[in-house]
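Fit chain B to the supplied structure of chain A, relying on the hints for placement.
Read off the chains here:
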Amino acid sequence: MIDTQLFVQLITAAAGSAGFGLLFHIKKRYIGLVGIGGMIGWLVYVFCTGIWDGVFLPSLAAGFIVDVYAEILARICKETSTSFFVTSIIPLVPGSTLFYCMSSIVEGNNHMALIYGRDTFYFALGIAVGMSAAWSICYFGRTVRNRAEESSH
Amino acid sequence: MQPAATSYLHAFLDIGEALLCSGAEIFRVEDTINRMGYACGASQMNVFVITSSIVITMELPDGNARTQTRRVRSDSGNDFARLEKINDLSRRFCANPMTVDELRHEIDIINSKKPSIMGQLAGSILAAFSFAIFYGGNITDGIVAAVASVIIWASQIWLRPVCMNGVTFQFVASFIAGCFICAMKCLFPSLHMDKIMIGDIMLLIPGLMSTHAIRDILIGDTISGVMRFIEAMLLAAVLALGFIGAICLFRYI
Chain A
51 MIDTQLFVQL ITAAAGSAGF GLLFHIKKRY IGLVGIGGMI GWLVYVFCTG IWDGVFLPSL
111 AAGFIVDVYA EILARICKET STSFFVTSII PLVPGSTLFY CMSSIVEGNN HMALIYGRDT
171 FYFALGIAVG MSAAWSICYF GRTVRNRAEE SSH
Chain B
-1 MQPAATSYLH AFLDIGEALL CSGAEIFRVE DTINRMGYAC GASQMNVFVI TSSIVITMEL
59 PDGNARTQTR RVRSDSGNDF ARLEKINDLS RRFCANPMTV DELRHEIDII NSKKPSIMGQ
119 LAGSILAAFS FAIFYGGNIT DGIVAAVASV IIWASQIWLR PVCMNGVTFQ FVASFIAGCF
179 ICAMKCLFPS LHMDKIMIGD IMLLIPGLMS THAIRDILIG DTISGVMRFI EAMLLAAVLA
239 LGFIGAICLF RYI
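Sequence lines, in order, name chains A and B.
In case it helps, the working numbering puts the first sequence at residues 51 to 203.
In case it helps, the working numbering puts the second sequence at residues -1 to 251.
Pulled out of the complex, with its shape left as it was, chain A reads as follows (with noise of 0.2 Å):
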């Protein structure tokens, strides 16, 4: 079941991202490109949820592939990492869990607003992790390069 609302999400996402890239005043050219992140991120996450359980394994996937992306894309625009990564990752911030947390704090539901609140760390988390692993590994490769390109003058 390749289904609509999977379908309805990766579009909005790219569209929520492109959003995100009008607000944070990056180069008009690159609109399009953040639009596709946000819904690699979105891909990814959901792709993920199907192998693990609960959200940090797969939010922290997506934070790894998303850096990843936006390394990519600033070696080729020669551009700073981090304008491609935020507003390519705009769709997994855990808008909906806090909101959820609050009603069920609204409510009166603690047991409920635990859950919420756990994931809503849990996905900032997962997020930085992926995304700390791939810059550090990113790091690593770039000075091995240069170490060896000054070796070999």
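Derived by calculation from the structure, the hints in this document are not laboratory data.
Hints may be right or wrong, so weigh each one.
[Unchecked claim] Stretches of chain B that chain A covers, calculated by requiring three or more beta carbons in the stretch to come under 8 Å of a beta carbon on chain A:
id : region
1  : 15 to 25
2  : 55 to 63
3  : 118 to 124
4  : 234 to 241
[Said to hold, decoys possible] Only pairs whose alpha carbons sit at most 30 Å apart, straight line, appear in this in silico DSBU-like list of lysine-lysine:
id : chain 1 : residue 1 : chain 2 : residue 2
5  : A       : K128      : A       : K77
6  : A       : K77       : B       : K83
7  : B       : K112      : A       : K78
8  : B       : K111      : A       : K78
9  : A       : K128      : B       : K111
10 : B       : K83       : A       : K128
11 : A       : K128      : B       : K112
12 : A       : K77       : B       : K183
13 : A       : K78       : B       : K83
14 : B       : K83       : B       : K111
15 : A       : K128      : A       : K78
16 : B       : K83       : B       : K112
Backbone N, C-alpha and C define an ideal beta-carbon position, used for all residues, glycine too.
Chain B only, in chain A's frame:
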């Protein structure tokens, strides 16, 4: 070059501040200033940056050392066009150091270009509309979320300058947006209030801030990470309070 060292230092502080306020990471700010310092002839650069302050000590080949400090007070916004320009300027500077006056002139040009508020309006509308639908709302929900995002955008422009700090503003903005959405829900009961609220929460949520905070801690900028993490928690709590306040208010009316 020696008498100019102090004025270079001043330009470096401006660059550091511009980078911090455009959404650059701590390590990027430190790295950029280090490189620029070595490029203009310092024998050693000691740069310490946290989210609210920049300290640079520049040791010169003749044995003198100069230190300057900058307290950074403005909120860390995101302006990636400016980030790219400063980054580009620092690369050019490192490849071929220019004089202080040229450097200062370029910094002033970059800082004078503010992002257009219309672009921000378009971005807010697009983002809120998309995320309301993304989380399962229909087109009508998206449109209401887009209208609410215009309210948030307007309060960012007119209310932000009169609010004491970011936390107060976050509460006011989320309360106003929450009240608007609840009022729409009262008028049109077929709307999905949760989806609309999530769409607008995405605009205000310090999700990126908390991700950055955790990342800072992981790569070793612990002080900045902890500061930013606490700020993000506070902003998230206040955001929730604002929306809860609006929901409760309309429940009793």
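**OP:** Starting from A/K128, check that the Cα of B/K112 is at most 30 Å away, please.
**Re:** Satisfied, since the Cα-Cα distance of roughly 22 Å is no more than 30 Å.
Original post:
Are there three or more residues in the region 55 to 63 of chain B whose C-beta lies within less than 8 Å of some C-beta in chain A?
Top reply: violated (count 0)
Original post:
Holds or violated: A/K77 with B/K83, Cα cutoff 30 Å?
Top reply: The hint holds at about 11 Å.
Original post:
Is B/K111 within 30 Å of A/K78, Cα to Cα?
Top reply: holds (15 Å)
**OP:** Given the hint that A/K77 pairs with B/K183, test it: the Cα-Cα distance must not exceed 30 Å.
**Re:** Outside the cut-off at roughly 37 Å; violated.
Original post:
Are B/K83 and A/K128 close enough, with their CA atoms no more than 30 Å apart?
Top reply: Within the cut-off at roughly 11 Å; holds.
Subject >> Verdict on chain A covering the region 118 to 124 of chain B, where coverage means 3 or more residues with a C-beta closer than 8 Å >> reply: holds (count 6)
Subject >> A/K78 paired with B/K83 [C-alpha distance capped at 30 Å] >> reply: Answer holds: A/K78 to B/K83 is near 14 Å, not above 30 Å.
Original post:
Would the pair A/K128 and A/K78 pass a check requiring their Cα atoms to be no farther apart than 30 Å?
Top reply: Roughly 15 Å between the alpha carbons, so the hint for A/K128 and A/K78 holds.
**OP:** With a C-beta cutoff of 8 Å, work out whether three or more residues of the region 234 to 241 of chain B approach chain A closely enough for the coverage to hold.
**Re:** Holds, because 4 residues of the region 234 to 241 of chain B bring their Cβ atoms closer than 8 Å to Cβ atoms of chain A.
**OP:** Examine the region 15 to 25 of chain B for residues whose CB is less than 8 Å from any CB of chain A, and state whether their number is three or more.
**Re:** Result for this restraint: holds, n = 3.
Original post:
CA of A/K128 to CA of A/K77, is that 30 Å or under?
Top reply: The hint holds at about 13 Å.
The earlier numbered hints that this structure contradicts are 2, 12.
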